[in-house]
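Each chain, letter by letter, is given below.
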Amino acid sequence: MTNKSIEDTVIALLRELGCDADTILPVHELHSDLGVDSTELVELAALVRTECGLGAQRIDLVGVKTVADLAARIELLLQSGGSRCT
Amino acid sequence: MVLVPIETPVEIPSEGLRQDRSAVSTATQRRVAVIGCGVCSPAAHSAKELVNLLTAREPQRARPVKQLLAREELDNASGLGVRESKKVDRFSLLALAAARRALRDAGLKSDAVRHCGIVSGNMMAGWTFTEPQLRALHALGLGAVSPYLATAWFPAAPQGQVTIHLNMQGFAKTVTTDQSAGAQAIGMAFERIRDHRADLLLAGGVEAPVTPFVQAALTQLGEGPGDLAEAAAFILLSTADGGCPAIGAHTTFPLPCSESFPAEVIVRQIAAFLHELPDRPPVQTAVCNVAADLRIEEEIASIVRKAVHGAEPRLFFPMRAIGNCLGASSAIAAVVAYEVLSQATAPCSALVLSVGHQCGDLLWMYRWS
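Chains as they are written, first to last, in the working numbering: chain E, 1 to 86; chain V, 1 to 369.
Bear in mind the hints are in silico, worked out from the structure with no lab data behind them. Ideal Cβ placement from N, Cα and C applies to all residues, glycine included. Among the clues, some could well be false.
Stated by the list, open to error - Below 35 Å or equal to it, Euclidean Cα-Cα: the simulated DSBU-like pairs (lysine-lysine) are:
| id | chain 1 | residue 1 | chain 2 | residue 2 |
| --- | --- | --- | --- | --- |
| 1 | V | Lys48 | V | Lys173 |
| 2 | V | Lys86 | E | Lys4 |
| 3 | V | Lys86 | V | Lys173 |
| 4 | E | Lys65 | V | Lys86 |
| 5 | V | Lys48 | V | Lys109 |
| 6 | V | Lys173 | V | Lys66 |
Unchecked claim - Negatives, chain E to chain V, calculated, CB over 10 Å:
| id | residue |
| --- | --- |
| 7 | Ala46 |
| 8 | Arg49 |
| 9 | Leu77 |
To be verified - Derived CB-CB ranges, DEER-like:
| id | chain 1 | residue 1 | chain 2 | residue 2 | range |
| --- | --- | --- | --- | --- | --- |
| 10 | E | Val62 | V | Gly242 | 49 to 59 Å |
| 11 | E | Ala56 | V | Glu223 | 24 to 34 Å |
| 12 | V | Arg135 | E | Ala56 | 35 to 45 Å |
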């Protein structure tokens, strides 16, 4: 799975979360641009785990600022043996 | 928050709940006016609708028309979008709806709203959100539990959501006791304004009790859960003068742990309360929050008639028409009293009697012109 498709998955999940920004780009900051607060970040991580079949694997969210940052963390997990985003 | 078993002695915290006469001398106490109100219930969307409902149904005994508002209606009334409303319990949505209506009713501008505070009461906290989460935890594990659970459930959530979304930056407090919680919140707000510790406060109660857990808890206490209904009611208290109804006195008191109705305690408390009032306009209205029970209603009617020395006050039992809304019931009773006084054409006053599992509460509201 490419980084681009993981980014698309994250963007789709942000929409599911209720994020109503006109456009969501990989460079957008989750908190300041998209209004994602700390509890929403936990919900987003839960959505990612379900969507990507990561089960109970922990997504390290420390230092994650942008959509691209989160996609990169997911890619790392997938490369280390996790499941694939559908 | 749990229901206290009836044999457990109850202590009422003194801070803010019992009348604190030493705080400010009577001479410098301020008049506390009620300048607006808001109601959100499946049966009524305003105080006027509520009083009309009670007047129309006074002779009959009827179950509530509806226990729950439709979700879409509740979301719209709360003013929250989908993204925010999914994070909160129904009791926060109800509180937001009633708070918005009260502020609108008073015609407050946003600058005044910013200085406004809130004292809110409830009895059961946010079980409509929590129960599905507990089932998910049991069936699917921790990963299935919503990250919003803690902030949705806790008893002060309505206070928090109202202050955040309406940008209210004044004093804020939550009272979690029993069916008297809403009136205790109003009493606490009244005392703060009277004693120069606040200028503008929204006060009332909220409850969203229609869940299997709450119904089971009440059944265990020997109460029929069939007439539970959700509701929120707030009044806006201010130092503003003029022809508005005002709150003149408040007291709250513990009730004995007994399975029978504590009539003697209530008789004593009402007598002492009325005895201390200043040269009052006559009590022409009494509103009580007890859930529909003909025997208790008759007992209360008899108590109130004796207490006001043979006068025939008009009695209202709002739970008869809108269902048992627990911690919101006493705030609903206060709103009914406010509306009746607002419609009055001559000086008069109203007694609001709240009876809970552990506490009783009395508010005296009046209007001079």
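Of the hints stated earlier, which fail here?
-> Of the numbered hints given earlier, those the structure breaks are 7, 8, 11 and 12, listed in rising order.
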